[in-house]
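Protein chains in written order, with numbering that gives the first Met the number 0: chain S, 0 to 356; chain L, 0 to 191.
If you are wondering where the hints come from, they were derived from the structure by calculation, not from laboratory data. Cβ atoms here follow ideal geometry from the backbone N, Cα and C, with glycine treated the same way. Just to be clear, a hint being listed does not mean it is correct.
[Stated by the list, open to error] Pairwise CB distance ranges (calculated):
#1 Gln343/S / Lys79/L: 47 to 53 Å
#2 Lys76/L / Asn303/S: 41 to 47 Å
#3 Lys79/L / Ser171/S: 46 to 52 Å
#4 Ala10/L / Leu311/S: 54 to 60 Å
#5 Ile25/L / Gly235/S: 27 to 33 Å
#6 Val210/S / Leu127/L: 42 to 48 Å
#7 Glu61/L / Pro139/S: 55 to 61 Å
#8 Asp302/S / Pro50/L: 31 to 37 Å
#9 Pro168/S / Asp1/L: 48 to 54 Å
#10 Ala88/L / Glu249/S: 25 to 31 Å
#11 Ser128/L / Glu259/S: 27 to 33 Å
#12 Ser128/L / Gln343/S: 54 to 60 Å
[What the hints assert, rightly or not] Anything over 10 Å on all C-beta distances counts as not near chain L; from chain S, calculated:
#13 Tyr21
#14 Ala111
#15 Asn212
#16 Arg312
Here are the chains, one letter per residue:
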Amino acid sequence: MFSLFGSRKPGDLGLGQVFRLYNRDVLKSDKLLPNYEELGAWDKGFSDHYNAKLKNLVDDFEQKRVTAATAARNKLLWLTPFFFIIPIIGINLTIWELNEHDEPNGLGVIFAALSFGAIFWYIKRSILVYQNSIKEKIFPQILGFIGDFKFSTEVPSQVKKFEKSGLIPAFSVETNEDQITGKYKGVQLQLFETHLQKWKYRGKRSRLVTVFNGLVINLSMNKNFTGKTIIKQDRGSVTNWFGNKFSGLENIKLEDPKFEEIFEVYSTDQIEARYLLTVSFMERLLDLADIFDKAEIQLCFEDNHLLIIIPLRKPIFEPGPITEPENFIDDAQSLLKEMHLICQIVDILKLNMKLNL
Amino acid sequence: MDNGTILIIVAVTVTLLLYLLYARIIKNKNKVYEALAGIDVQLKNRSNLIPNILEIAKKFMEHEKELISSVTELRTKTDKDYDSNDSAAVKEHMAVASALDAQMGQLMISVEAYPDLKSDQTMQQVQLSYNEVETKIAAARRFYNSAVGQLNNSIEIFPGSFLAQYANASVMPFYEADEASKAPIDASSILG
Chain S
0 MFSLFGSRKP GDLGLGQVFR LYNRDVLKSD KLLPNYEELG AWDKGFSDHY
50 NAKLKNLVDD FEQKRVTAAT AARNKLLWLT PFFFIIPIIG INLTIWELNE
100 HDEPNGLGVI FAALSFGAIF WYIKRSILVY QNSIKEKIFP QILGFIGDFK
150 FSTEVPSQVK KFEKSGLIPA FSVETNEDQI TGKYKGVQLQ LFETHLQKWK
200 YRGKRSRLVT VFNGLVINLS MNKNFTGKTI IKQDRGSVTN WFGNKFSGLE
250 NIKLEDPKFE EIFEVYSTDQ IEARYLLTVS FMERLLDLAD IFDKAEIQLC
300 FEDNHLLIII PLRKPIFEPG PITEPENFID DAQSLLKEMH LICQIVDILK
350 LNMKLNL
Chain L
0 MDNGTILIIV AVTVTLLLYL LYARIIKNKN KVYEALAGID VQLKNRSNLI
50 PNILEIAKKF MEHEKELISS VTELRTKTDK DYDSNDSAAV KEHMAVASAL
100 DAQMGQLMIS VEAYPDLKSD QTMQQVQLSY NEVETKIAAA RRFYNSAVGQ
150 LNNSIEIFPG SFLAQYANAS VMPFYEADEA SKAPIDASSI LG
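Chain S with its partners taken away, still in its complex shape (with noise of 0.2 Å):
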């Protein structure tokens, strides 16, 4: 069993890479020829498909790679003097903000911020150009193993069409990224990150905050119904009656305890809910929780779709670091795995069947 939460190598996107250009040992190529070996059951078969599809393209990438490392190292080291000449200004404008002023605002910590931000920016741009191209040439042609994907690093505004469902919070501000499109085992399978954000105010300030983080999920579905039933984690009684007093869906009473102690189910419909949440798919749905460990997986069945949204605590669908030698491995492996554990809620749901169990 893995989780969403573990696949990455810490630092991939943050800092870290940014400074691990300091070591010129980064633009080094390897001279050996790579070779796919696989890992589990997840990427069977993978290794004779990375041989036809992938393997040709890693000297072209691994040029590309070197060249925007080149390039971001080049923008650190010029711009590293900054470093130490941002703190000095930055402590300066704060001695005399706090000589000038009696209530201070700040002045000398926002520069800093904002100008080792925007270093920061200008360093990962050159970065950023090369792990979209990445994900825009090398991640569909990974998802081909598995089945018909379209892989999309620009995703338009798309989350208001699933606000009806109940599961996605209020919010102001959508950022979407890495849509997958696609039919796994005749599903049609669409899914996207997205980040939500709310405006907060408190007096006369106001900020943004989070108030979602992950994966949004839309699957067709084999079985016809006409109301709406949402799959929420249990809260507790309190929360779980304020949280839907005003929904206007019926809290639905399952026989299974165990499932009954992880989820709420509410629907519009009572009859219907059973006839979705048969005893088989509850045992299924406590299968799938334990697979996506501490995620709070939340489902809603409507208009014949089955929508799922999982928060996540860093991105998924992110290529390796810039800083070791391109060869596609390490982005497979990753994608893979996720790509494996999200099938898994169509094979496990058995949502490629119609089934009546």
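Fit chain L to the supplied structure of chain S, relying on the hints for placement.
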């Protein structure tokens, strides 16, 4: 606070609690009726489907005349009106529906022995619809059992047992799968 005031507060509280309990019993009772009606809707759907199945089956299943007539008889019995307030009548209605389940199950297994019938396009479609209705009946029965559980709990424990007579509520029977459904399935007879 004098004794009179305390007495009034106690009386008001007790009356309020009794009223809430009474309201809960009524609510639970209505839920059982709703669930029972839900089962009947699905049984009606199945009942409407059975003549189509029998019509096709008759053409092929010459040796199953007894089974077919038994299904017809039970279907007529299931469609009969019954008093949903009378737990004995509800129990009997459920037993008849259950017997029809078993006979229909038997009929569906027998279909496997007639390759021409099994491969008949119309029969296959009707079987799919039948399975769908059966799943909905099972869901409706689960809702009914859940509603009956709540009602019976609320009227079997004092003071619910005392209030039940005023709410005109009585203990209702759970739906239980009949012996034929509980029996292990001989997969070899189906799979050949």
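Quick rundown of the hints versus the structure:
| no. | hint | result |
| --- | --- | --- |
| 1 | Gln343/S / Lys79/L: 47 to 53 Å | holds, 48 Å |
| 2 | Lys76/L / Asn303/S: 41 to 47 Å | violated, 36 Å |
| 3 | Lys79/L / Ser171/S: 46 to 52 Å | violated, 60 Å |
| 4 | Ala10/L / Leu311/S: 54 to 60 Å | holds, 57 Å |
| 5 | Ile25/L / Gly235/S: 27 to 33 Å | holds, 28 Å |
| 6 | Val210/S / Leu127/L: 42 to 48 Å | holds, 43 Å |
| 7 | Glu61/L / Pro139/S: 55 to 61 Å | holds, 59 Å |
| 8 | Asp302/S / Pro50/L: 31 to 37 Å | holds, 33 Å |
| 9 | Pro168/S / Asp1/L: 48 to 54 Å | holds, 53 Å |
| 10 | Ala88/L / Glu249/S: 25 to 31 Å | holds, 28 Å |
| 11 | Ser128/L / Glu259/S: 27 to 33 Å | holds, 32 Å |
| 12 | Ser128/L / Gln343/S: 54 to 60 Å | violated, 31 Å |
| 13 | Tyr21 | holds, 63 Å |
| 14 | Ala111 | holds, 61 Å |
| 15 | Asn212 | holds, 36 Å |
| 16 | Arg312 | holds, 37 Å |
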